[in-house]
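Visitor: Next come the chains, spelled out residue by residue.
There are 4 protein chains.
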Amino acid sequence: MYSFKNDYSEGAHPRILEALIESNTEQVEGYGEDKYTKEAIRLLKEKIGREDIDIHLLPGGTQTNLTAISAFLRPHEAAISANTGHILVHETGAIEATGHKAISVKVDNGKLNPDDIKPVLEEHADEHMVKPKLVYISNSTEIGTIYKKEEIEELSKFCRENDLLLFLDGARLGSALCSEDNNIKLSDLGNLVDAFYIGGTKNGALLGEALIICNDYLKTDFRYHIKQKGALLAKGKVLGVQFLELFKDNLYFDLANHANDMAKLLRNGITEAGYSFLINSCSNQIFPIFPKEIAEKLGEKYAFYIWEKIDKDNSAIRLVTSWATREEKVMEFVEDLKRYSRESIK
Amino acid sequence: MYSFKNDYSEGAHPRILEALIESNTEQVEGYGEDKYTKEAIRLLKEKIGREDIDIHLLPGGTQTNLTAISAFLRPHEAAISANTGHILVHETGAIEATGHKAISVKVDNGKLNPDDIKPVLEEHADEHMVKPKLVYISNSTEIGTIYKKEEIEELSKFCRENDLLLFLDGARLGSALCSEDNNIKLSDLGNLVDAFYIGGTKNGALLGEALIICNDYLKTDFRYHIKQKGALLAKGKVLGVQFLELFKDNLYFDLANHANDMAKLLRNGITEAGYSFLINSCSNQIFPIFPKEIAEKLGEKYAFYIWEKIDKDNSAIRLVTSWATREEKVMEFVEDLKRYSRESIK
Amino acid sequence: MYSFKNDYSEGAHPRILEALIESNTEQVEGYGEDKYTKEAIRLLKEKIGREDIDIHLLPGGTQTNLTAISAFLRPHEAAISANTGHILVHETGAIEATGHKAISVKVDNGKLNPDDIKPVLEEHADEHMVKPKLVYISNSTEIGTIYKKEEIEELSKFCRENDLLLFLDGARLGSALCSEDNNIKLSDLGNLVDAFYIGGTKNGALLGEALIICNDYLKTDFRYHIKQKGALLAKGKVLGVQFLELFKDNLYFDLANHANDMAKLLRNGITEAGYSFLINSCSNQIFPIFPKEIAEKLGEKYAFYIWEKIDKDNSAIRLVTSWATREEKVMEFVEDLKRYSRESIK
Amino acid sequence: MYSFKNDYSEGAHPRILEALIESNTEQVEGYGEDKYTKEAIRLLKEKIGREDIDIHLLPGGTQTNLTAISAFLRPHEAAISANTGHILVHETGAIEATGHKAISVKVDNGKLNPDDIKPVLEEHADEHMVKPKLVYISNSTEIGTIYKKEEIEELSKFCRENDLLLFLDGARLGSALCSEDNNIKLSDLGNLVDAFYIGGTKNGALLGEALIICNDYLKTDFRYHIKQKGALLAKGKVLGVQFLELFKDNLYFDLANHANDMAKLLRNGITEAGYSFLINSCSNQIFPIFPKEIAEKLGEKYAFYIWEKIDKDNSAIRLVTSWATREEKVMEFVEDLKRYSRESIK
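Those protein sequences? They're chains A, B, C and D, same order as listed.
Here the first sequence stands for residues 39 to 384, numbered as in our numbering.
Here the second sequence stands for residues 39 to 384, numbered as in our numbering.
Here the third sequence stands for residues 39 to 384, numbered as in our numbering.
Here the fourth sequence stands for residues 39 to 384, numbered as in our numbering.
Please note: incorrect hints may appear among the correct ones.
Which copy is meant is left open, because identical chains are indistinguishable; a pair holds if it fits in one copy or across any two.
Straight-line C-alpha distance at most 27 Å; calculated DSSO-like pairs for lysine-lysine [as the list claims (entries may be wrong)]:
| no. | residue 1 | residue 2 |
| --- | --- | --- |
| 1 | Lys73 | Lys335 |
| 2 | Lys144 | Lys350 |
| 3 | Lys43 | Lys76 |
| 4 | Lys350 | Lys43 |
The set of hints was computed from the structure by calculation and includes no laboratory data.
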């Protein structure tokens, strides 16, 4: 059984583990004040092209979302998210547990634009309703789509004009930035959003997300929030070493490119085999629609999620690739698909 | 500069890293449902000697405290802790951030007994005050002392009689159970407390605490709480592999024994050199009292915290040993201390 | 300017004020332990026909919703509400501020039925999502519709089968129970829901809601929650006296009947004048659709909310009647409407 | 049985009820936007002598404390209070329920001064601990003492120098300002504290506290917080009418003066009878120490709280007077005390 279920069922890239071993015997400061974390932060600032940003390393994505959003908002303020947003769908009410409403906006492609947000602002007119204050977007989105630079620019402009914060969940930022459809550079983000994070967990690390705070106003006392939410690892070095390794050369992007390449191979193969997709995604998640019996047959050999029933005969499944996805397994999947298709026609 | 500042400034034990490498290339289920985590949990149940307990692996101590305590309490219920308790002193109000008051009880030795708790129950008489519901203890305590079995038994009895939950913070449980003064077995705890955890971070792991829930009533839906508080690692295997390695033979206890042995060497050497201690501790933290100039001299070569000013000429410092503390450095410290002492007398 | 804007822009019924004056000079216990509150509770139990219920008097509706829902739910549990529900729309995120998600279900008529709730239960399948636990309904709803007895029975059955709590917001319960379409008795509610409240503020009182807890499991320590949320009035008698007066004979229902009668007069008059309604409501809120110029003309003499733009020429407005609505003003409104309509045709 | 138990077991002053009756039949805006509330606020601004302050009327003291403190603090910030502070002792963890730690400072007289606060600031040195941000004081205090102007000035200066907010709980502000030891004017407070409130509930109103926000930074969106915490009464007029009546002439101060006069009569009589006091209070709460048998005898005829056991033979009791305390009952109490004392000597 080979798994395309998700991008966190794999281990870490070997270089990550080697880096942990190499740095293992040294005594360092705790709580992220070690030299590895400091160097990783310095390096990330360089890559992002700004010195005046604050960077913190946190263990996971939900943890980063809840720590940042609860730190950024006052009690009566709310986050706005596409209906597919991770904070709305898959965090067990983590944002609400910190006291804040997350407002859902129904969209088709996992992405928000100003026209989606305007009606929310109009509806929330007075003190009988929460005050929308933060726009939460994911790139790539939870359904594999990505934002174009122009789209983020528009959002950014709209947010600034409307006194909204723009926060980008980058759990899969690597795959987004390495997508062939992408025209955003890491260094663009520092100027376009108030805060964002670069996901390590889903792109080669054991665990870890790098949160970048660009807006001065949001920086104050941020370490207090990390500690209060339980996200300040005693052995913070564990995160520092990994991000240093990921960014000291192009490893982070190499890994994301591999994941995207594998997704593309799958996409092309599936298209050749005559199938279409639920969503036109261009990152490491794809959503082909298969007849039920084909999906079942594939399911005997490959692990994946059934994403959505299309009709009584067809379902969309989700295939996720990662830094560790093996090309021969992808080829095998495509071959199997073609063979099952031929057999089923007979 | 050699550090006795804490037990988390070291890396992981080499066997932990090896185990991570060995298990690295395999695809596994995410979110702690992998085979390593399952096997670690099976093993821990065996060691604790009970099948009817629930075990969850979480990334860190503050995280475990806040997740467990907020899951166990209803909104109006409060935790009781010794004034030195980690939840009171060093968690940035994490418990309060989940909505609960933590009631401080002033004690001398970091430990609670029924007589300390009774007045709290008497004072909190009606609905104008919070309802004390959970007794939080640490073993070893934040000041290096440990509980005797009889003490926990008494507490346990008292809690059951008074409808209180007993929760044990075991961030340094290894050192406590391996102390030469200890008479508690891991298997005792399952019968004496409602929940406790076994700290990995401070005893050889990269990160990780194993939370054991013994009280049936507290088990329901606990994974929801872990997820909501951001403590459910996507690559949960990272924790499973480590706990499996720590407990598949005696590694966990071997490491704690080493830390304790090193503390004992220090303690004996310091005593021989003619100094006394602020607290009569018997685990991996010791608190010798040194004249100011001796402490300063030592501070040039060794890192440690000044714990408390005793008077204008003397201070207690905190020395912490760990699985990684090197015996030759301990010997060197003692020799230096003796030499500085001789020099200072002249 | 005569107002049909809402049912809380009026004062209290004169008998309420007289009762406050009569009881004013006496010394009584504070915090709702006075004899008036006790007698009001005794009386309400009698009217509801159950002794084994707990009753608490709270100052307002949002206060009651947030106190009850946060007391009833564990941290990971969520409320389900129709999209028009007060907790979703007009409480500034009060439920979320206590840590809980409120799940919105889109319906047409302000009411929930089992078929609306089933998909929510199906979607929320595991610990990555909140656990739906409480079904929040309002009767009458925020858009003036009411539940039939059979509907609540079905909901009640469904909730019990699915381990869900059923909570009824009765801010306008008087109007619902006195609606000519109603077949629910106050005494039915005690057997059908886990908790509900009887609104005083919108039906003749200065302020005050009576919360009835029917489910034993939800009763424990409830006064702690009231106090913690700031809802325990020092001079609790103020609420007790009012509810005693409202229920010692039929005043509460007389007032609600008056409000409904006035709404009916309006409804009939508007229908006669040839207009239709956005919602087929049968309580003290009605939503006629008027051409823009008619609405504007009426707006010069009568206060009301524009509820929804229907198209570029027509809008639905909301008219609310209350215990204090004067029949001559209703007649005047209808006459004016008819006159404006005639004039506009010319 | 005549009660000296507290100052909220009485009704409202008759003029308050009359004012409610007079304003009863009029239709007004809801949610505190009515003309009475506006006029009360205008009047209060005049009395306080500042136009640039925001005033909000809330139903009760705990409600005001929790709404204000949670609005003023960010998640990691804490309040500092004397150990006797109402937020620490008698609000069922209301502050903690909004996520904030309340730090207790042990003092003798219910009052804080800069020297009490300095060690708290020193201890809370980094992000592992909460950040003390708001100093909570009560005037009069929970034990009947009052602040002198110089004391508040010093606190105010200290707070500004240390970036702390100064918040004054004025549930019994009337009694404090009318104490013969007082040298603070209502108009001083607007310049000395960041926010404070004027208690109505304990000084002649049915319910209601007027919160004054002096610090611009704290004003933004405050009505959202009131609504979210359930403190925005639909019939807000109920509060407006009462504060208008209390302040349109000197009623508020007349009532407080009466309460203080009655306390003074009691104090003098008790002193004459040869007894001393636990606390040297000068407002409407006094704490005489009586032999057990005297206290018991008095307890047969008068209601009061036993405050503290002094030794096995003596107890301090608390006597509270109010606007409604009758002089003849006070005289009777003193006479009874003298007689019981004579009898007990024999």
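Visitor: If a hint holds in the structure, say so; if it doesn't, say that too.
Guide: Hint-by-hint comparison with the structure:
For a Cα distance limit of 27 Å, the shortest separation of lysine 73 from lysine 335 across copies, 25 Å, qualifies, whereas the shortest one inside one copy, 51 Å, does not. In the homo-oligomer, the alpha carbons of lysine 144 and lysine 350 lie at most 27 Å apart both inside one protomer (25 Å) and across protomers (25 Å), since each shortest distance falls under that limit. For the identical chains of this complex, lysine 43 and lysine 76 are inter-copy neighbours only, at 20 Å across copies versus 34 Å inside a copy, given an alpha-carbon limit of 27 Å. Proximity of lysine 350 and lysine 43 under a CA criterion of 27 Å is satisfied intra-copy only: 23 Å inside one chain copy versus 50 Å between copies.
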